[in-house]
Amino acid sequence: MSNMRSLTFDAIIIGGGGSGMRAALELAKSGKKTAVLSKVFPTRSHTVSAQGGITCAIASADPDDDWRWHMYDTVKGGDYITDQEAAEYMCSEGPKAVFELEHMGLPFSRFENGRIYQRPFGGQSKDFGKGGQAARTCAAADRTGHALLHTLYQNNLKNQTTFLNEWYAVDLVKNANGDVVGCIAMDIETGEVVHVKAKATVLATGGSGRIYSSTTNALINTGDGIGMALRAGIPMQDMEMWQFHPTGIYGAGVLVTEGCRGEGGYLVNKDGERFMERYAPNAKDLAGRDVVARSMVMEILEGRGCGENGDHVYLKLDHLGEEVLGKRLPGIVELSKTFAHVDPAKEPIPVVPTCHYMMGGVATNVHGQAIAQDADGNDHIVNGLYAVGEAACVSVHGANRLGGNSLLDLVVFGRAAGMFIESALNEGIDYLAASDDDIEAAMRRINRWNESEDGESVPELKRALQEIMQSDFGVFRQEDNMQKGVQQLAELRERIANAYLPDKSNAFNTARVEALELDNLMEVAEATAIAALERKESRGAHSRYDYPDRDDANWLKHSMYFPAEKRLGQREVNFAPKTVDMFEPKVRTY
Amino acid sequence: MVTNITNLGRSGLSDWLVQRASAIVLALYTLFIVGYLLFSPGLDYATWSGLFAQTWMRIFSLLAFVSLSAHAWVGLWTVTTDYLKPTGIRIAAQSIIILAIFVFLVWGIQVLWGA
Amino acid sequence: MSTLQVSLYRYNPETDSAPYMEEFQIDTQGRDIMVLDVLHMVKEQDSGLAFRRSCREGVCGSDGMNMNGKNGLACITPLSEVVKKGKLTLRPLPGLPVIRDLVVDMGLFYKQYERIQPYLQNETPAPAIERLQSPEERDKLDGLYECILCACCSTSCPSFWWNPDKFVGPAGLLQAYRFLADSRDEATRERLSELEDPFSVFRCRGIMNCVAVCPKGLNPTRAIGKIREMLLANAT
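Residue numbers (full-length UniProt numbering), protein chains in the order written: chain Z, 1 to 590; chain R, 1 to 115; chain U, 1 to 236.
These aren't lab readings, by the way, just hints derived from the structure by calculation. If you're wondering where the values come from, they're calculated on a predicted model, not measured in any experiment. Note that the Cβ used here is the ideal one computed from N, Cα and C, for glycine as well. Check the hints yourself; a few may be wrong.
[Stated by the list, open to error] As a list, the in silico BS3-like pairs of lysine-lysine whose alpha-carbon atoms are at most 30 Å apart:
#1 U/LYS216 <-> R/LYS85
#2 Z/LYS96 <-> U/LYS140
#3 Z/LYS337 <-> U/LYS166
#4 Z/LYS327 <-> U/LYS140
#5 Z/LYS197 <-> U/LYS111
#6 R/LYS85 <-> U/LYS70
#7 U/LYS85 <-> Z/LYS158
#8 U/LYS111 <-> Z/LYS32
#9 R/LYS85 <-> U/LYS166
#10 U/LYS226 <-> Z/LYS578
#11 U/LYS111 <-> Z/LYS29
#12 U/LYS43 <-> Z/LYS158
#13 U/LYS166 <-> U/LYS226
#14 U/LYS166 <-> Z/LYS158
#15 U/LYS226 <-> Z/LYS346
#16 Z/LYS158 <-> Z/LYS126
#17 Z/LYS337 <-> U/LYS111
[To be verified] Derived coverage of chain Z by chain U (criterion: at least 3 residues anywhere in the stretch with Cβ under 8 Å from a Cβ of chain U; other residues may be distant):
#18 40-50
#19 215-226
#20 333-340
#21 388-402
[To be verified] Cβ-Cβ distance ranges computed for the label pairs, FRET-style:
#22 Z/MET298 <-> U/GLU44: 47 to 53 Å
#23 Z/GLU572 <-> U/ASP27: 50 to 56 Å
#24 Z/GLN160 <-> U/ARG222: 29 to 35 Å
#25 Z/ASP546 <-> U/GLU44: 53 to 59 Å
#26 R/ILE33 <-> U/GLY206: 24 to 30 Å
#27 U/ASP16 <-> R/ILE96: 40 to 46 Å
#28 R/VAL66 <-> U/GLU136: 53 to 59 Å
#29 Z/GLY114 <-> U/ASP16: 44 to 50 Å
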């Protein structure tokens, strides 16, 4: 491996979305030698697609708002497997992180008094669920993610962060002690493969919605960080928890923000009935996303779906009027016209629950440090490895994320990881260097693809994987389907191990990138499938016909998926916030 | 900030203003001449010459010539910097243009005030 | 007949001495799909085809390209909007060096963006909460901050083709004005002094190609006009 070029940084951040760039900003300001390695130019990351806003108790819409209420909503929304210490940290630190974004220039929408505009979102309440609907989601029209991502990129430019744009991280490099000491990465433009050495490696690779055939996620959301970590033997937490967003545009999968319902829109079935009034009498259309998505599927299954095949429902917005739509939801008007061929000012938008967000990921503490478990089930830190954002499971989202909490997660924990890594670097980090064998191990799969001579093609295998996940691991799940799915995935893994990369060229070879992404999709899909099969209860987004009830006696736990033995273990949920009393698990109704 | 030493005013803003101000002068001058020709059907050399014998007309014409020179330089300088990428060729072309504009301007003054 | 004839600009620096056009026949089954869907179908026939894509919904700005002579985003351009006589010709964005097939080197484009210092500058110590901004002040940023940096505008601008190193281009200037127009920004004078030379702003000849192609419906020409007004007000 002596002929391979190496680059050395204090910290390498893999992923240029919101969490990665927020962490990078913190480190760049501290003068640490930091680089963001991203497979796309940073503003093309999926954070850009976030629409409705960033939920945070900044007390603008309601001067009496309290971060503890936000924390209560978050814990309840996550169906009580939210780590309460992490939720406490996110909700209490949140206002600081949001004000920082505003100071950096994020063009938030405004109230008449000049403060940041906040809109109601699903699962929000005042006074610990007793004070009615809250309006806690800070918004820049319906382009909050775009505004946030561009602001973070701009401030990274200001602070002269190093960017390795259009570079693809292939695998983590571990030393003989099992510490993560960097990664193998490929410059997509030239095809050059480089050993990136770093004292801190941050996975900020986002989600993996592309394991499903219908998803709101960008084409780049292939779970690269999760795949790399699993191949490095690191367990994954709560991988069965996938959020299906109630309002993906029927047929296209493109997201329509929950902010539509926050602004007063609502769902109707084919009879024109506002059916959420039956399922969630209080919160109605602003119940938790899992609740709304399940209700929609129930309507469809019971024959009250809309359209020729009765396989979707309608989101009604026309009563809001063109002015509100133009001012508050301009992007939605655009997307509806382009992808649903309807003008929401006149007609309802056909929508269907669509895979949206991965609640699971690399287990971490609030500093972003990756956590693994030893054979006795005791937590230990994985030296050198950090995870933030959707790739991490810190876990503030538990079994179901609340709308607007993902952007907050990105900036709060991106910032926290940056601060922690800075102080760790100041104290001094010294890991054993990787040996040639260690590097060789991380090169194994790219070498496998480069040497492949014959086999199935990447697109057809990807399609097969997505179809398995879509049919057997969707909104509702049951044992026999999942058994079959797990079996099919095991077979698919063999097929992928023998798949073929026809194009071996170096310059901007996107076929090679897609082949490497397929390996990651496979890792994520299998972790999801096995975790879903083994969690024998219904909680949050994980909903089973055969186990319809929440089982706190056995499953008030995180699941931990161990890749080597393909086994599902458990990990304790944190019920120990530092400054408030913990929230006892209660029956979750909206 | 892109530095330039060959444009007229050393600033894009002044070039831009010069071009617009000179365009107004040229438009007024053109309107006047066209109007004059239209309203003087039996125009002969004596009348035409008489017009240009008056001081105000000479000043107006000189203003138009100066405006034309400035306008042409700003425009042609832009064209040369757009299309002539080798520095030597560009400077040569710009020199020829400056020389031509200078000659035409002096010649014009001579026509106006000469014998 | 629902066969679409797709003519694609191909160039692989490792194997081709010069770029060429390659023809593909794509069966669209009569559906009005997006140009990006067509590209994915072509890529199944020839995995070597290179193009950028990410969000597939017109917000990330990855897949700007030239479709039947006009720049736009492949993911939000339906065939019905662009195909003429059953034929679709796809080329990379004009005026930038081609890396491979439809992928261009956007270095110069990004450099011009960076040059205008695209970040809020405010040295006044920030309050404990957000800086206040009235809805009217905030409204001034509409039509500016939405830019997705797809480069459709700048690469349709002849002034940018001739002087990509000196003329900021419509995308960069739109962002320059986004910060000039922000009531929270304090660097107006410095920003303007960086723009008053004969190239940065003044190479714009107002032909409005940028407005015609912007997939987000933004108007860089108007922003450039506003910058000129500010420069004038500042210097006279």
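If I claimed the Cβ atoms of Z/ASP546 and U/GLU44 lie 53 to 59 Å apart, would that claim hold in this structure? The hint (53 to 59 Å, Cβ to Cβ) is violated, given that Z/ASP546 and U/GLU44 are roughly 38 Å apart.
Does the alpha-carbon distance linking Z/LYS337 and U/LYS111 stay inside the 30 Å limit? 34 Å, violated
Check the following: the C-beta atoms of Z/GLU572 and U/ASP27 are separated by a distance inside 50 to 56 Å. With Cβ atoms ~55 Å apart, the hint holds.
30 Å limit on alpha-carbon distance, applied to hinted pair R/LYS85 and U/LYS166: Holds. R/LYS85 to U/LYS166 sits at ~13 Å (cutoff 30 Å).
Hinted pair U/LYS85 and Z/LYS158, Cα distance within 30 Å: 49 Å, violated
When you take the CB atoms of Z/GLN160 and U/ARG222, is the distance between them in 29 to 35 Å? Holds, since Z/GLN160 and U/ARG222 (Cβ atoms, about 32 Å apart) stay within the stated range.
Using C-beta distances, would you say chain U covers the segment 388-402 of chain Z, given that this needs three or more residues below 8 Å? Coverage by chain U is violated here, the residue count being 0 at a Cβ distance below 8 Å.
For the pair supplied as a hint, U/LYS226 and Z/LYS346, is the alpha-carbon distance within the 30 Å limit? Violated - the C-alpha atoms of Z/LYS346 and U/LYS226 are around 35 Å apart, more than 30 Å.
Check the hint pairing U/LYS111 with Z/LYS32 against an upper bound of 30 Å on the C-alpha distance. 24 Å, holds
Under a C-beta cut-off of less than 8 Å, do 3 or more residues of the segment 333-340 of chain Z approach chain U closely enough to confirm the stated coverage? holds (count 4)
Check whether three or more residues of the segment 40-50 of chain Z sit with their beta carbon closer than 8 Å to a beta carbon of chain U. Satisfied; 8 residues make the cut.
Status of the given 44 to 50 Å range, CB of U/ASP16 versus CB of Z/GLY114: Violated, since Z/GLY114 and U/ASP16 (Cβ atoms, about 57 Å apart) do not stay within the stated range.
When the structure is compared with the earlier hints, violations turn up for hints 1, 3, 7, 10, 12, 15, 16, 17, 21, 22, 25, 28 and 29 and for no others.
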